[in-house]
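Colleague: Each chain is listed here by its residues.
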Amino acid sequence: MATLRDLKRQIQSVQNTAKVTDALQTVSGVKFRKAGARVSQARPYADNMEIMMRDIARKASSKNPLLVGRENGASTVAVATLTADRGLCGGFNAQVLRKTIQFRRERGQDAELKQVASGRKGTAFFQFRRIQLEEVFSGFSDSPSYEKAREVGRYLTQLFENEEADEVYLVYNRFRSALVQQPVITRLLPAAPEDDGEEQQGEGPDVPFDYIPGTEEILQSLIPRYVETVVFQSLLESAAGEHGARMTAMKNATDNANEMSDNLTLQMNKARQAQITQEILEIASGAEALSAG
Amino acid sequence: MASGRQLFCRVITPERTIFDGEADRVITRIEDGEIGVLADHIPLVSTVEIGDVRILQEDETSVFATSDGFFKVSENLVLILVEEASPAEEIDVDEAQNHLEEVVEGEPVEDGEDEEAAERVRAERDRRRRIAENLVRVARKYGEG
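Residue numbers (my numbering), protein chains in the order written: chain C, 1 to 293; chain Y, 1 to 145.
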């Protein structure tokens, strides 16, 4: 059985850990609220870009490969995975990486794969698994700027334009709440909205827009910008998810530490009680021995 | 709505909505020249050039220096989607001037092995320079100081 002193030391160490995780939880909480606000502030731009894309994609009988894809299908598929730069956020990184691996297994059968990583955790994961990385982005996962999203978006669009990839997918954690982040895969390019069957009835009457200069020219500049927007929105959601996940993970860690500290304190009290009993017993039996003699 | 002819305007950047409100007239520069939009304008989609957006209301005019982006009018709503938009009165002329000099004096483009890549970098820098220039111009013309 552990001695009184050992137990004291253990309790101290567990309580120190609890202090650290509690502080991390507070910090993540603040960052989480900020990141959540950024997600919702960014939504109008993203939504309007999407509406514009849908409108124009429906109207234009465009052959632009960026929109409709290549004629002879996809032989090379690029996957960009968004993870956090740091850990201590529960299953946040693991689940999005698991999703990526699963997707790679499915598509890897009939297409060549190219992997792009954003965030240090993802980068380390792929390097450990000896999966070749085309490009690595990092250093901005907890507070992404549009500038960075632009960089990533540009890079991915160029992969497509240079015919190094025939399809480009994005894997990231969609933000639901502090407790729930859902790993999702979306197709960035070709950018034509995937047929989900419902859009025909959905959008109301066709508005006969004038397009200046023309739909093709607008598409040519709209698509890269649209890709950047989707990347930006995903980066923001991923950041909010990261802070939410970390906050939750740290709360659990603090709770566990406190519980452990309670148990250890109980044990320590028992040990102390036992020690006192032992001492009294020794004194009593000593006295008895004396009086008997 | 009683009138049904009130024009609204929204200026939106990736980060947030910069302007959202009524307008009597919205003036900006699109693909083929300057455009002034009044209520009941026909539905139109176009691209916005680096320049300014002027939103004329009854007794005041709001001016924004904007980067390039997209422009859409439908059902009396003017949507301007640009990467950057700064209210003219909030631009500090000196700061904008310094920023412009930084961009101009930035690292020279390396004539590396990849001509195409170098061309892209050059184009991107050129765009940054034009945005910075525009900021200075708008601040001088419409700013407070």
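In case anyone wonders, no lab produced these hints; they're calculated from the structure.
Honestly, I wouldn't trust all of these hints.
Claimed, not checked - Below, in silico cross-link-like pairs of lysine to aspartate or glutamate (EDC-like), each with a Cα-Cα straight-line distance of 16 Å or less:
(1) C/K148 - Y/E49
(2) C/K34 - Y/E124
(3) C/K148 - Y/E124
(4) C/K148 - Y/E90
To be verified - Quick list of the computed label-pair ranges, beta carbon to beta carbon:
(5) C/A37 - Y/E133: 25 to 35 Å
(6) Y/R16 - C/S138: 37 to 47 Å
(7) Y/E75 - C/T17: 44 to 54 Å
(8) Y/D92 - C/K8: 36 to 46 Å
(9) Y/D92 - C/E259: 40 to 50 Å
Cβ atoms here follow ideal geometry from the backbone N, Cα and C, with glycine treated the same way.
Colleague: Please write out, lowest number first, the hints stated earlier that are contradicted by the structure.
Modeller: 1, 2, 4, 6, 7, 8, 9
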